[in-house]
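Student: Sequence:
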Amino acid sequence: MEHDISLEWDSGPTADLRPPTEVYASIGLPHPEPEAAAAAGPGAPIGTIRARQAGRLLGWVTLYGDGESRVGAQGERADRLARRLVRGAHVGDPPPSAEERAAAVGMYREAAEQARSAGARILHWSGTDTAPEGNAARALGARVTGEIARIWTVDPRTWWAPGGLPAVRVRALSAPRVGVIGEGAELTADVAGSRAYTNAAEAITAPGVTADILGAVLAELVELLRRTHPDVTELAVFEFDADPEGAVRHALPRAGLRIEHRLLDFELPLT
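Read left to right, the sequence shown gives residues 390 to 660 (this note's numbering).
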């Protein structure tokens, strides 16, 4: 197999718990509770595909179903889960490796075969278009059925405030928090190494604030990062907003951020 990656299929009753337990043990953490180890899937777990290289766990994909013709798949990458458990942050991950991409293609291909054998007609999964999940979707011919969220980015070092933003008055939050507050909005960012990360649903509070004002406050956050964290080369904002008229979605481009990745739903017909 490409990159010497081997696949393991496990359909036992605890198959979905074994890979995260292995990751926890690898970093010296106690075995997780079943609720923490198991990913929340659309139905009961059917089985899990694990990918290994020279014995090392690369990742896994668990199949979920409820007896219907549509089976869901949910994947995880071992090294990235380990980093999140150690750091407690969602920033600082390197780009996907060739091994991760090859493993994802192999695991989702095997997932399709196992789902087909179980009588399913459609395999569904979600992932970022630029991540291994998106790469697997393209390699297997899956179709995009919806957009869940977007990741907007900007490099504070080369950024300049766009013209036309309204004047706003904000102040920096007290350390150790990194962020700004003012004009009815509060924005924070998690900084780890060269990256800063903001989950819009959790770190942007701006009830009733217009997109123009919020865009100007966002620009102040970028300026703050450039001034106080000169090593930060990327601010990434995870924007999950079901309302296409939402202020956050329209404020981000006003502040000079651009969409770098899209979190999508994929479906692969199995018949």
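Calculated directly from the structure, the hints in this document are not laboratory data. As the structure is a computational prediction, the values presented were derived from the model and not from experiment. Fair warning: there could be bad hints in the mix.
As the list claims (entries may be wrong) - The calculated label-pair distances, taken between Cβ atoms and stated as ranges, are: (1) Thr594 <-> Thr547: 44 to 54 Å; (2) Pro658 <-> Gly553: 39 to 49 Å; (3) Glu502 <-> Pro555: 14 to 24 Å; (4) Ser400 <-> Pro551: 49 to 59 Å; (5) Glu457 <-> Ala590: 26 to 36 Å; (6) Pro421 <-> Arg459: 21 to 31 Å; (7) Arg560 <-> Arg651: 29 to 39 Å; (8) Arg558 <-> Asp654: 19 to 29 Å.
Even glycine gets a Cβ: it sits at the ideal position worked out from N, Cα and C.
Student: Between the beta carbons of Pro421 and Arg459, is the distance compatible with 21 to 31 Å?
Tutor: holds, 28 Å
Student: Assuming the hint says 29 to 39 Å, is it satisfied by the Cβ distance from Arg560 to Arg651 or not?
Tutor: The hinted range 29 to 39 Å holds for Arg560 and Arg651, with Cβ atoms some 34 Å apart.
Student: Between Ser400 and Pro551, does the beta-carbon spacing fit 49 to 59 Å?
Tutor: Roughly 54 Å apart at Cβ, these two residues keep to the hinted range, so it holds.
Student: Could you check the hint for me, namely that Thr594 and Thr547 are 44 to 54 Å apart, CB to CB?
Tutor: violated, 28 Å
Student: Honestly, do Arg558 and Asp654 meet the 19 to 29 Å range at C-beta?
Tutor: For Asp654 against Arg558, whose Cβ atoms are near 41 Å apart, the range 19 to 29 Å is violated.
Student: Taking the Cβ atom of Pro658 and the Cβ atom of Gly553, is their distance within the range 39 to 49 Å?
Tutor: Cβ of Pro658 to Cβ of Gly553: about 47 Å, so the range 39 to 49 Å holds.
Student: How does the Cβ-Cβ distance of Glu457 and Ala590 compare with 26 to 36 Å: does it lie in that range?
Tutor: Holds: the Cβ-Cβ distance is about 30 Å, inside 26 to 36 Å.
Student: Can you let me know if the beta-carbon spacing of Glu502 and Pro555 is within 14 to 24 Å?
Tutor: violated, 56 Å
In the structure shown, a violation is registered for the earlier hints numbered 1, 3 and 8, in ascending order.
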